[in-house]
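Let the hints inform the model, and build the full structure from the sequences given.
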Amino acid sequence: MGDFLLVTIQVDMHDRLAMTLQDDLTTKISQTGAFGVLIDISALEIVDSFIGRMISNISSMSRVLDAQTVVVGMQPAVAITLVELGLTLPGVKTALDVEKGMALLRETMVVPESDDDDRQDI
Amino acid sequence: MIGGEAGKMALYQATQDNTKELLAEWVKEQMSTISKQGAIKEADLRDQCDTFLHLFTSAIRHGNTTDLRTSEWDAVLRYLNEISATRSEQGFSPSETATFIFSFKKPLFTALGKTYASDAPALASATWESTAILDRLGLYTMDVFLKTRETIIARQQEDMMELSTPVVSLAEGILALPVIGTLDSARTQVVMESLLQRIVDTGSTVAIIDITGVPTVDTLVAQHLLKTVTAARLMGADCIISGIRPQIAQTIVHLGVDLGDVITKATLSSAFAVALQRKGMTISRIKAQA
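So the sequences go chain by chain: A and B. Per the working numbering, the first sequence starts with residue 2, numbered consecutively. Per the working numbering, the second sequence starts with residue 524, numbered consecutively.
In short, the hints are calculated from the structure, not lab data. Mixed in with the good hints there might be a few duds.
As the list claims (entries may be wrong) - Label pairs and their computed distance ranges (CB to CB): (1) R64(A) - R808(B): 41 to 49 Å; (2) S792(B) - E46(A): 32 to 40 Å; (3) T739(B) - E46(A): 55 to 63 Å; (4) D98(A) - S616(B): 56 to 64 Å; (5) M62(A) - K802(B): 29 to 37 Å; (6) D98(A) - A694(B): 58 to 66 Å; (7) R601(B) - F51(A): 52 to 60 Å; (8) S792(B) - R64(A): 35 to 43 Å; (9) V713(B) - L86(A): 53 to 61 Å; (10) R768(B) - N58(A): 37 to 45 Å; (11) Q770(B) - R64(A): 22 to 30 Å; (12) Q746(B) - F51(A): 23 to 31 Å; (13) D570(B) - L86(A): 54 to 62 Å.
What the hints assert, rightly or not - In silico DSBU-like links for lysine-lysine, alpha-carbon gap of 30 Å or less: (14) K94(A) - K750(B); (15) K101(A) - K788(B); (16) K810(B) - K628(B); (17) K670(B) - K564(B); (18) K628(B) - K564(B); (19) K543(B) - K628(B); (20) K802(B) - K94(A); (21) K788(B) - K802(B); (22) K810(B) - K788(B); (23) K788(B) - K94(A); (24) K802(B) - K101(A); (25) K101(A) - K750(B); (26) K94(A) - K29(A); (27) K637(B) - K670(B).
The model shown is predicted, which means the values in this text are computed figures rather than measured ones. Yeah, the Cβ is synthetic: ideal placement off N, Cα and C, and Gly gets one too.
Here it is as structure tokens:
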């Protein structure tokens with residue numbers, strides 16, 4: 002059982018894929034009882050309002066399942082687009098890269114130090 | 524009939540026959556009106572006038588004095604373009620540029636008068652024709668002049684935009700963006716992009732936006748600032764806004780702008796102190812104060 006889950010999005014998200022991710026992730030969180038989820042979107046270059054909302058939704062869902070979510074590695078262009086779309090992702094924690102995100106999770110969580118993170122690539 | 528074929532031919536004849544006198548008179552006329560002495564040499568001016576006169580004469584040869592869009596006028600217009608653009612760049616005033624064409628009227632009318640001294644209807648008709656065509660050419664000169672000016676202004680604006688958005692690194696992981704001048708949509712876009720790009724490049728987690736040099740903050744500017752802050756937050760960097768002057772603080776509150784949970788500081792140094800604290804760094808004196 003790992004403390005953190007790492008989700009790396011390495012292809013352009015299309016709507017169906019986002020839905021699958023949402024399903025998989027929530028299942029995985031409840032299965033593993035992870036305390037923290039890192040969503041790495043550094044490879045994501047194009048977002049639309051739907052994907053923006055999915056990111057927001059996924060992190061809200063993880064929070065409901067008692068896992069802190071940190072979105073890491075957002076590209077400048079993506080950030081600008083989301084802001085222009087009015088999706089400011091309130092309540093979602095963010096970090097510049099995976100390392101900083103991990104540090105943030107460790108800081109905010111009172112869990113025993115553990116390094117064997119579960120890794121799931123999409 | 525005013526403006527008839529006779530008038531057109533008369534105009535051509537008069538111009539053709541008196542080229543030398545026209546040129547001399549015209550140059551003299553212009554030299555007396557141009558206020559910036561030495562801005563243009565008499566020889567250069569003579570050259571310009573001479574070229575124009577040649578082009579003008581060949582353009583009106585076939586009696587087309589009404590439609591400037593036809594091919595006969597192409598060369599004339601192109602030459603005027605050139606003259607007007609150079610004058611605009613050399614800093615001539617609009618009226619001085621327009622004078623180039625309008626000062627041609629007097630010598631031309633004199634020449635017409637001399638040629639048709641005995642024929643009043645022909646004189647009237649030719650005068651009318653020449654006035655119409657010269658006015659149109661004059662207006663065209665003004666159009667080109669303004670267009671050149673606008674190009675210069677646009678270029679300067681672009682230069683300013685590039686110059687005025689430096690992102691500087693204050694310490695490891697701390698960036699500062701001193702904004703100087705009014706923030707409009709286009710500039711905010713540039714500011715936002717360069718800040719976010721630098722955040723990625725340097726891996727900084729704290730960015731200080733210093734608005735000491737922003738003269739006024741209205742709702743639009745505040746909104747732009749908030750957008751930048753939010754975008755930076757989405758990427759995982761915190762923004763601190765500093766350099767808010769008392770008047771601006773008043774304006775922001777009076778406008779009802781909600782800066783939300785953005786950290787604001789009065790001065791850049793206090794913002795820097797907060798940033799250092801966040802990063803777990805301090806500044807200490809290594810020598811006792813003298």
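Hint check results:
About 45 Å separates the C-beta atoms of R64(A) and R808(B), a value consistent with the hinted range of 41 to 49 Å. Roughly 38 Å separates the CB atoms of S792(B) and E46(A), a value that falls within the hinted 32 to 40 Å. Judged by the Cβ atoms, the range 55 to 63 Å given for T739(B) and E46(A) is violated: they are separated by roughly 36 Å. Separation of D98(A) from S616(B) is about 58 Å and conforms to the stated range, judged on CB atoms against 56 to 64 Å.
For M62(A) and K802(B), the hinted distance range of 29 to 37 Å is satisfied, since their beta carbons lie about 32 Å from each other. For D98(A) and A694(B), the Cβ-Cβ distance of about 19 Å falls outside the hinted range of 58 to 66 Å, so the restraint is violated. Between R601(B) and F51(A) the CB atoms are about 54 Å apart, so this pair conforms to the stated range of 52 to 60 Å. Remark: the range hint 35 to 43 Å for S792(B) to R64(A) is upheld by a beta-carbon distance near 37 Å.
Checked against the given bound of 53 to 61 Å, the beta carbons of V713(B) and L86(A), roughly 20 Å apart, lie outside it. Between R768(B) and N58(A) the C-beta distance comes to about 41 Å, which sits within the given range of 37 to 45 Å. Roughly 42 Å separates the CB atoms of Q770(B) and R64(A), a value that falls outside the hinted 22 to 30 Å. Between Q746(B) and F51(A) the beta carbons are some 25 Å apart, a value that agrees with the proposed interval 23 to 31 Å.
Judged by the Cβ atoms, the range 54 to 62 Å given for D570(B) and L86(A) holds: they are separated by roughly 60 Å. A hinted pair counts as satisfied when its Cα atoms are at most 30 Å apart, and K94(A) with K750(B) qualifies at roughly 17 Å. Among the hinted pairs, K101(A) with K788(B) is consistent with the structure: their alpha-carbon atoms are about 26 Å apart, no more than 30 Å. At roughly 81 Å between alpha-carbon atoms, K810(B) and K628(B) are farther apart than 30 Å, so this suggested pair is violated.
At roughly 25 Å between alpha-carbon atoms, K670(B) and K564(B) fall within 30 Å of each other, so this suggested pair holds. Distance hint between K628(B) and K564(B) is fulfilled; the C-alpha atoms sit about 22 Å from each other, no more than 30 Å. Note on K543(B) and K628(B): the hinted pairing holds, with a Cα-Cα distance of about 15 Å set against a maximum of 30 Å. Between K802(B) and K94(A) the CA atoms are separated by roughly 18 Å; this keeps the pair inside 30 Å, and the hint holds.
Proposed proximity of K788(B) and K802(B) is supported: the alpha carbons are some 17 Å apart, at most 30 Å. For a cut-off of 30 Å, the pair hint linking K810(B) to K788(B) stands: about 29 Å separates their Cα positions. Taking the CA atoms of K788(B) and K94(A), the gap is about 23 Å. The hint holds against a cut of 30 Å. Between K802(B) and K101(A) the alpha-carbon distance is near 12 Å, which keeps this suggested pair within the 30 Å criterion.
Between K101(A) and K750(B) the alpha-carbon distance is near 23 Å, which keeps this suggested pair within the 30 Å criterion. Under the criterion of a C-alpha separation no larger than 30 Å, the hint pairing K94(A) with K29(A) is consistent with the structure, at around 20 Å. The suggested pairing of K637(B) with K670(B) is violated, with an alpha-carbon distance near 38 Å, which exceeds 30 Å.
Comparing the model with each earlier hint shows violations of hints 3, 6, 9, 11, 16 and 27; every other hint is respected.
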